[in-house]
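Dock the two chains into a complex; use the hints.
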Amino acid sequence: NAGVTQTPKFQVLKTGQSMTLQCAQDMNHEYMSWYRQDPGMGLRLIHYSVGAGITDQGEVPNGYNVSRSTTEDFPLRLLSAAPSQTSVYFCASTQDVVLFGWYTFGSGTRLTVV
Amino acid sequence: TQLLEQSPQFLSIQEGENLTVYCNSSSVFSSLQWYRQEPGEGPVLLVTVVTGGEVKKLKRLTFQFGDARKDSSLHITAAQPGDTGLYLCAGVIYITPTSGTYKYIFGTGTRLKVLA
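Protein chains in written order, with our numbering: chain V, 4 to 117; chain D, 305 to 420.
Chain D extracted, bound-state conformation (with noise of 0.2 Å):
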């Protein structure tokens, strides 16, 4: 079974805190995307990085991949209300990399609230 395991699943802080979400796994992936769902709506893409090692910077948002492409983080600099939501990451893996048998799967969901 493939898991995408994120942590921590609750974040609580005040406003103008630094904050790092993990997601990890025990497989490769080919590309792995962040989003951030917000209540009554569906997921909205963040980034998608695709290399090891990349580090992609969105304002206040910096992603990284591990350099095995078996993990992520999502790093938020002085955290802000507006940032208040559920992070999810996922991505794709390849069942059997020959033939071309791939999922796409999502992680637990990390569920961030920004107190002002």
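One chain only, chain V, in its complex shape (with noise of 0.2 Å):
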């Protein structure tokens, strides 16, 4: 099925440890997002693509790198996992947020860091 994909389902660090959360997508869609969702908190914007070659940062973009090289493929980076980065994870990607309005999203990364 078309949709966005992200790998591992759910992850462990220790403080200190580097990880790449991995999403890829099969729509042909030009944006693509990470969010973050915490109890409370809502889904908090981490970077963003408009396409490839082209990022930037969202509102909770410390601790984290991206990357677009391809259409399809949008990673994360954990520089050096602290604590505060448990969360839950989304990637999700869009033709045209402004045209279409909507996200389709991937099933998320779980990530615990003790």
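Because the hints were derived from the structure by calculation, they are not lab data.
Note that this is a predicted model, so its numbers are computed, not measured.
Note that the Cβ used here is the ideal one computed from N, Cα and C, for glycine as well.
Don't take every hint at face value.
Derived DMTMM-like pairs (lysine to aspartate or glutamate); straight-line CA-CA distance at most 20 Å [claimed, not checked]:
| no. | chain 1 | residue 1 | chain 2 | residue 2 |
| --- | --- | --- | --- | --- |
| 1 | D | 407 | V | 33 |
| 2 | D | 407 | D | 375 |
| 3 | D | 407 | V | 62 |
| 4 | D | 363 | D | 319 |
| 5 | D | 407 | D | 309 |
| 6 | D | 407 | V | 59 |
| 7 | V | 12 | D | 342 |
| 8 | V | 12 | D | 345 |
| 9 | D | 374 | D | 358 |
| 10 | D | 361 | D | 375 |
| 11 | D | 407 | V | 99 |
| 12 | D | 361 | D | 371 |
So the derived label-pair ranges between C-beta atoms look like this [claimed, not checked]:
| no. | chain 1 | residue 1 | chain 2 | residue 2 | range |
| --- | --- | --- | --- | --- | --- |
| 13 | D | 330 | V | 98 | 24 to 30 Å |
| 14 | D | 321 | V | 17 | 44 to 50 Å |
| 15 | V | 98 | D | 360 | 16 to 22 Å |
| 16 | V | 25 | D | 326 | 34 to 40 Å |
| 17 | V | 30 | D | 360 | 20 to 26 Å |
| 18 | V | 66 | D | 362 | 36 to 42 Å |
| 19 | D | 364 | V | 31 | 30 to 36 Å |
| 20 | V | 64 | D | 332 | 25 to 31 Å |
| 21 | V | 86 | D | 319 | 37 to 43 Å |
| 22 | D | 364 | V | 113 | 29 to 35 Å |
| 23 | D | 400 | V | 87 | 27 to 33 Å |
See the structure below:
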């Protein structure tokens, strides 16, 4: 089925470790975003991309890096994991959020940093 | 700061009851969406509304967009246990309309539990 695929589903890291959360979409969407979801905080935008080679920061970018070398892939890198980064991470994509107004989400990665 | 507030935050009802969830903002939306999120999954789009005063129906769910495009409501008739989940409103607001700078924001969510 077409959609947004995130891996891994679950991950436990030790403080200071680095890792990459993978995100791939097969809908040829230009816009891709990473969100984190925390209890009582809702969905907060980490980084986003409006096309291959173009990325920008969202509202909570510190401690994360992204790159967009292809239309399909948008990995999120945690540089040095901290307990505050314990969260559920969602990747989402849309062809054009202004024109179409909605995102397709992946099923999420639950990250625990100990 | 553009906020999109939802109420109530939590709702626990019996099967067969009706309910309404509200989504309010001080900003004007060019479009507004409702999503449902089940445990362990990402949000899934239910509906998008664009025109002020618009009403859309999806089986037992009725969505309304306010005339001024600043608020929306979701009404569920005869709720069923399968309606259980987190309901999120979200939408596109323009930060600076002349430059086309926009922001996509999410509401705080309403967690619904329907008891059999």
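Is 27 to 33 Å respected by the C-beta to C-beta distance linking residue 400 of chain D and residue 87 of chain V?
Holds - the Cβ-Cβ distance for residue 400 of chain D and residue 87 of chain V, about 32 Å, lies within 27 to 33 Å.
Given hint residue 62 of chain V paired with residue 407 of chain D - CA-CA distance at most 20 Å:
At roughly 11 Å apart (the allowed maximum being 20 Å), residue 62 of chain V and residue 407 of chain D satisfy the hint.
Regarding residue 30 of chain V and residue 360 of chain D, is the given constraint of 20 to 26 Å on their beta-carbon distance met?
At roughly 23 Å between Cβ atoms, residue 360 of chain D and residue 30 of chain V fall inside 20 to 26 Å, so the hint holds.
Does the structure keep residue 407 of chain D and residue 59 of chain V at a Cα separation of 20 Å or less?
holds, 13 Å
Take a quick look at whether residue 407 of chain D and residue 99 of chain V sit within 20 Å of each other, Cα to Cα.
It holds: about 12 Å lies between the C-alpha atoms, which stays within 20 Å.
Holds or violated: residue 363 of chain D with residue 319 of chain D, Cα cutoff 20 Å?
The given pair, whose Cα atoms are some 16 Å apart, holds under the 20 Å limit.
Is the straight-line distance between the alpha-carbon of residue 407 of chain D and that of residue 375 of chain D 20 Å or less?
holds, 16 Å
Determine whether the Cβ-Cβ distance between residue 25 of chain V and residue 326 of chain D falls within the hinted range of 34 to 40 Å.
holds, 37 Å
Whether the CB-CB distance between residue 64 of chain V and residue 332 of chain D falls inside 25 to 31 Å
This hint holds: roughly 27 Å between Cβ atoms.
Straight-line Cα separation of residue 361 of chain D and residue 375 of chain D no greater than 20 Å?
Distance ~17 Å between residue 361 of chain D and residue 375 of chain D Cα, so the pair holds.
Distance restraint between residue 374 of chain D and residue 358 of chain D, which requires alpha-carbon spacing of 20 Å or less:
holds, 12 Å
If I claimed the Cβ atoms of residue 364 of chain D and residue 31 of chain V lie 30 to 36 Å apart, would that claim hold in this structure?
holds, 34 Å
In summary, the structure agrees with every hint in the numbered list given earlier.
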